[in-house]
Every structure is written in C-alpha cells, then in structure tokens.
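Asks: Sequence:
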Amino acid sequence: MTTQLKLDHRYGRTREKRSRRLVITVAGVLGAGVLGMVAWTTVAGAIDSVDTDATGFEVVDDHAVVVSFQVSGAAGKPLACTLEAQDTEHGVVGWQVVEYPAADGVSRAFTETIPTVALATNGLVTSCWIP
Numbered sequence: 001m002t003t004q005l006k007l008d009h010r011y012g013r014t015r016e017k018r019s020r021r022l023v024i025t026v027a028g029v030l031g032a033g034v035l036g037m038v039a040w041t042t043v044a045g046a047i048d049s050v051d052t053d054a055t056g057f058e059v060v061d062d063h064a065v066v067v068s069f070q071v072s073g074a075a076g077k078p079l080a081c082t083l084e085a086q087d088t089e090h091g092v093v094g095w096q097v098v099e100y101p102a103a104d105g106v107s108r109a110f111t112e113t114i115p116t117v118a119l120a121t122n123g124l125v126t127s128c129w130i131p
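Start counting the sequence shown at 1; every next residue gets the next number (the working numbering).
Just so you know, these hints were derived from the structure itself, not from any lab.
Where a beta carbon is used, it is the ideal one built from N, C-alpha and C, also for glycine.
Take the hints with a grain of salt, since some may be wrong.
[What the hints assert, rightly or not] Derived Cβ-Cβ restraints for the label pairs, each shown as a range:
#: 1; residue 1: G105; residue 2: T42; range: 24 to 32 angstroms
#: 2; residue 1: S19; residue 2: S127; range: 47 to 55 angstroms
#: 3; residue 1: E99; residue 2: A44; range: 20 to 28 angstroms
[What the hints assert, rightly or not] Restricting the straight-line Cα-Cα distance to at most 25 angstroms, the calculated cross-link-like pairs of lysine to any residue (SDA-like) are:
#: 4; residue 1: K77; residue 2: P101
#: 5; residue 1: K77; residue 2: A44
#: 6; residue 1: K77; residue 2: I47
#: 7; residue 1: K77; residue 2: V43
#: 8; residue 1: K6; residue 2: L22
#: 9; residue 1: K77; residue 2: S107
#: 10; residue 1: K77; residue 2: E112
Please take these sequences and the hints and turn them into a complete structure.
Replies: Spelled out as structure tokens, the structure:
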C-alpha cells in the first residue's frame, strides 16, 4: 500500500464514494416508495368513484318534487345518494338520503320523490357514494 492510500484509509477519505452511493440509493428507494403510494391512492380512489347526472325534475306540488338521475361507476356495489329540493332563493326545502342495493351494470337510472316543507323550484342530486 502506498502512503497516500494509507492516509486516505486512515482518515476516511475513501468512504466519500460509498456515502454518496448510499445517499443516492436511499433517495431512489424513498422516491420509488412515494411514487408507488401516489399511484396506489389514485387507483384506489378511482375504483370507488361514482358519477351522477341529473336527468330532470318535476315540481309536483307544495309538498313534493320528483327527481330523475343516472348513476354510473358502481357496478355490483350498493349506493347511497343525497337528494335536495331548493326554493327560489336556493334555500333547502327538502332533503333525503336514499340507499340502493347492489346491481349489475355500470349505469343505473333512478326516480325519487323528495318531500318538501314549502314550494320548491328545483330538485337535484348533491352526491352519491358507495357505503
């Protein structure tokens, strides 16, 4: 061994390359882990996503509104939806949560009657989810 190698070994100058490799390796593993976690949460969130489209409403009288809507993206799973009836000032005059059993098919259509406490001017679906 030469004097320079002995001194490098003695004072730890040869570890710098190993330390740099170790830092790069650890950073790569952590980066891959974070990327995997982000990918998993994206896929897991998309699996249980539900899309709703209101297809119409009809004001029956001062005490009821009929809402028609379509739900897609919940094949073979039960559903729960929140329905709402509003007055001219967008105040909520009727509200209802409805639950549906699991059914085959990606898209399903529903018609529900929302009881109201005053005359409503519209009816809508605020959200649907898989319970």
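Asks: Decide, hint by hint, whether the structure agrees.
Replies: Evaluated hints:
1. The supplied range of 24 to 32 angstroms is met by G105 and T42, whose beta-carbon atoms lie about 25 angstroms from each other.
2. Taken as a hint, the range 47 to 55 angstroms holds for the pair S19 and S127, whose Cβ atoms sit roughly 52 angstroms apart.
3. At about 23 angstroms, the CB distance of E99 to A44 agrees with the hint of 20 to 28 angstroms.
4. At most 25 angstroms may separate the alpha-carbon atoms for a hinted pair to count; K77 and P101 meet this at roughly 7 angstroms.
5. The suggested pairing of K77 with A44 holds, with an alpha-carbon distance near 15 angstroms, which does not exceed 25 angstroms.
6. For the hint linking K77 to I47, the alpha-carbon distance of about 11 angstroms falls within 25 angstroms, and the restraint holds.
7. As the CA atoms of K77 and V43 are separated by approximately 17 angstroms, the hinted pair is consistent with the 25 angstroms bound.
8. For the hint linking K6 to L22, the alpha-carbon distance of about 23 angstroms falls within 25 angstroms, and the restraint holds.
9. Restraint check: the Cα-Cα separation between K77 and S107 comes to about 12 angstroms, which is no more than 25 angstroms; the hinted pair holds.
10. For the suggested pair K77 and E112, the alpha carbons sit about 19 angstroms apart, so the restraint of at most 25 angstroms is met.
The structure meets every hint from the earlier list without exception.
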